[in-house]
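Letter by letter, the chains look like this.
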Amino acid sequence: MVAGFESRPLKAAIWLMTAIGLAIIYLPPLYLVAVSFNPALQPALPPLSDISLTWYFALAKERTLISALQESLLVATITALVATGLALLSALAYMDLGKWRSRWFMFVLLPMFVPGIIQGLSLSVIFGRIGLKPFWGTVAASHLLWALPFAFTVILTSMAAVRRSYLLAASDLGASWWRQLVDVTLPLIKPGLVAAFIFSFLLSLNEFGRAFYLVGRQNTLPLAMFGKMNSGASPTIYALSGSIFLASILAVSFVLLAAQAKDRKLHR
Amino acid sequence: MMTNNMNSLNGAMASNISRRQLLKTLGAGGAALAGGSMFRPMSALAAGDLAFWATGTLDVGDAWSRAADDAGLNVAFTDNGNDPGPAVARLVAGNANDLFDIGGLQGGAEKELAVQGAIVPWDMSKIPNYENVWQWAKDIPYLQHDGKQYGLPAVINADSIIYRPDKLGKVDSYGVIFDPKLKGQVAMEDAWINSAVFAAMYLKESENQKIGNPGNLTEDELGLVMEFLIKHKKDGQFRTFWSGWEQGVQLVGDGEVLAMTGWEPIVYEGRKRGLQVEYAAPVEGYEGWGNNLVLLKGAVDRGLGDDAHKFANWLLDGFYGCALGEQRGYVVPSDRNVAYAEANASQFDPAKVKALAEHVKAKFSGKVAWQNTRPDNFQLYEEWWQKLRNA
Amino acid sequence: MKSPGLLLALPTALIVLLLGFVPLIVILVWSFWTWDPATYWIRPEFSLAGYEAILEAGRWSVIVGSLGKAFLTAAICVVIGYPAAMAVHFLASRRTALLLMALFTIPFFTSYMIRAFSWRLVLGRNGLINGWLMDLGIVDQPLDWLLFSNFAVNVGLVASYLPFVIFPLILSMQRVEPSLLAASQDLGAGFWRTFRSVLLPLTQAGIFAGFLFVFVMAAGSATEVQMLGGAAASMISVMINDVMRVVNFPLAFAISTLVLIILFGLIFIGNRLFKLTSLFEGFTW
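Going down the list, the protein sequences come from chains A, B and C.
Following the numbering used here, the numbering of the first sequence begins with 45 at its first residue and continues without gaps.
Following the numbering used here, the numbering of the second sequence begins with -15 at its first residue and continues without gaps.
Following the numbering used here, the numbering of the third sequence begins with 164 at its first residue and continues without gaps.
Don't read these hints as lab results, they were simulated from the structure.
This one's a predicted model, so the numbers in the text were calculated from it and none came from an experiment.
In this text, a Cβ means the ideal position worked out from N, Cα and C, and glycines have one as well.
There may be inaccurate statements among the hints.
Derived BS3-like pairs (lysine-lysine); straight-line CA-CA distance at most 25 Å [what the hints assert, rightly or not]:
#1 B/Lys218 with B/Lys371
#2 B/Lys256 with B/Lys281
#3 B/Lys154 with B/Lys256
#4 A/Lys105 with B/Lys256
#5 B/Lys256 with B/Lys371
#6 A/Lys177 with B/Lys281
From chain C, some residues computed to sit far from chain A (all C-beta separations above 12 Å) [said to hold, decoys possible]:
#7 Phe195
#8 Tyr214
#9 Leu235
#10 Gly244
#11 Ala279
#12 Trp282
Now the stretches of chain C that chain A is said to cover, found in silico as 3 or more residues with beta-carbon under 8 Å [claimed, not checked]:
#13 197 to 211
#14 347 to 358
#15 362 to 372
#16 388 to 398
If we strip away everything but chain A, and leave its shape as in the complex, we get (with noise of 0.2 Å):
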């Protein structure tokens, strides 16, 4: 607990403003995981005793859904880590560019203002014109731009925690300019270099526009999903978004207890 923050109504006002925002962030997911319970076509919550994964069973058929699920997490995965390590070189960069860094931090952000459909658009002009052809790496550069301004934002205000006095102290001690970066300021940003990497990850998995127009034959999951959405999709949709979830909703448990038993060494 932080000083400040003792105030009981304060702290209950807090907790429910907090409270409002998952209900509205997890009412559309978990009722979608409740309807890919339910046998009937019609999507619904089912009653409890008619409970049933038929739309799970039928998913293992679903090989278009599950290609282009296969497609969408090699190019976030890609955008991802590529977004974060240009972004942490550049949030670097921005330290060091001194009356220059209003100008960069402009520059890096500007791609993010091209509205999605016509960058994906104009992009395949100019891949088409130097001969390359489209596949996953096409639809992972658009993602790198449309990821990268944020990936950037987020690591810079996770700099916030780099106090000078911190390095100026690491530069007296002797430490090289990489060793002041492996030793203090990667430690201090790793949050912030976390949530870039998930944040990339995330508008990959769910652009649209600019993928529209990149892919190859083979189409990422927002376009897989938009096609059958568009022409007679069975509940197993339902199902593997309701797979998404339950298996983000593992690997994050997973993450945390390892966490938990990290810290638990640590602190024995």
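Starting from the known structure of chain A, fit chains B and C onto it as the hints suggest.
Same frame as chain A, but now just chains B and C:
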């Protein structure tokens, strides 16, 4: 099974190679990315693959393997999103011709694509099964350009109104959509290619307005039709405009609307879900549409022209028509479907195949206005649609 | 300890120039060309028709309306997100904080299209919310305006982009020294006083970043408006899609150029007036 495994093994190997290659290329400064043909997507590796890029409704899933057995064609199907507009944009300005061999698009844009050089004419001598295509399907107004055949009708149907007979009784006119008593209880599609046609048919046939061809309105006719829609929109007549199958089914299924213009398979789906829904046979007639096969120029450039013709011929050979009818209730306009079912009665029920064909034929025996993705004034249609959106 | 400042900027500079600015040239040039109905394509002939068309058919009102919706969405997200970030950073134990951050991320791995669609099921006439309201006797008739309305669009947009405001806020709160808050309290300042004089100034960067993220994403959204808005509801991306549908590239690219200029202009002016970029410089940096 064996070949499947081999394919996925090949796929895995090749994609690893391409990933390594990518890292190497990036390391070399990225300039060498021009050697892009190294990176083929996983699904499109086997040599001789024929890439079919079409509306999702044309996908028959596992049944594509029959094209390999019958005609030696490995068909790779990619969904183009069921919106002809962006697909055309990707064909003329984008990269669709680098990727795909045959397109399946809602009809109307053939002339434009031909003028642009994005598609090339079919050599009809290589598609003997075209003989058996129903004559009125061959007569769809925009299949030919400059006396050459650019579009082949792969799937046809005629659309009208989906409605709830338990609430409305029998509906036989588009008037129901504009009935003030049903304010806030009706919907239309968020696409002028359909909604302007329905409104024009209603105004022409039931309100005796001077309208020539509802599928290709003149400037004045378009103004009349759109002002009519704008007035009703402002009155709060429409609950919403829908786009795409799942949204349409949801509107009817969840009781948001009692009547809406839309696709017949939504009725089948509604019934499967236990709803009482009917499809109207309006006095004003149906809106007919064709989803047509077009031959992409890229296919010919890659030397796949003959394979593409073989594919088109296979599509019209009967099996595909039976499979599509069974899976989705759509009809390939050819008598060969029934012939195939009769010869393979263990696979498909000939009576059912015949009933479906007769059902669609009956719809086309009356008044039909053809859907047209590119009416002559198509830029004006778009402008009016913006006025409707912003009214 | 000379650091390789410019060298660090090089990879990003190259990528942004090649992938970002080169296509921008295509966009700019095509926006001034002429659409030719005879060839269904554009001719390299100078024309302002694309820009003129923005003034017609209410197109400009879509741009203004979209920016309004985006602004409202971003503001609501900040109002909900700020307390949520405070809960994570100041109130929760380390373990709960991690859990909360995870909770705010998980829903966004599922398809955004399905999430938007599922609001139709929740907010509809016979949906979950109307069911509750009627069961509780709050209303007798289902509320029609819950769905296919601006209300529904705003709910959908907030739900779609909320975490993008929370994380920058949490990160910016990390620079708030607990000792500063304690000092403020020792000086007799109540919570609101401390909030205004210490917390808010120190977390400006996070507020700006979060607001910007949500604003830009909401301004570029289409799905939420199409699925949850009323009859033929529009948004910038919906309009661009409509124009692309008739391959009127000069108009589509003129709209994009205008949107780019407006958005970038807002940031640019904001930067001039409020020194936005200095927000990212630590106060001891």
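Results of checking the hints against the structure:
no., hint, result
1, B/Lys218 with B/Lys371, "holds (12 Å)"
2, B/Lys256 with B/Lys281, "violated (41 Å)"
3, B/Lys154 with B/Lys256, "holds (21 Å)"
4, A/Lys105 with B/Lys256, "holds (21 Å)"
5, B/Lys256 with B/Lys371, "violated (38 Å)"
6, A/Lys177 with B/Lys281, "holds (16 Å)"
7, Phe195, "holds (14 Å)"
8, Tyr214, "holds (15 Å)"
9, Leu235, "holds (15 Å)"
10, Gly244, "violated (7 Å)"
11, Ala279, "violated (8 Å)"
12, Trp282, "violated (6 Å)"
13, 197 to 211, "violated (count 0)"
14, 347 to 358, "holds (count 4)"
15, 362 to 372, "holds (count 3)"
16, 388 to 398, "violated (count 0)"
In summary, the numbered hints that this structure violates are 2, 5, 10, 11, 12, 13, 16.
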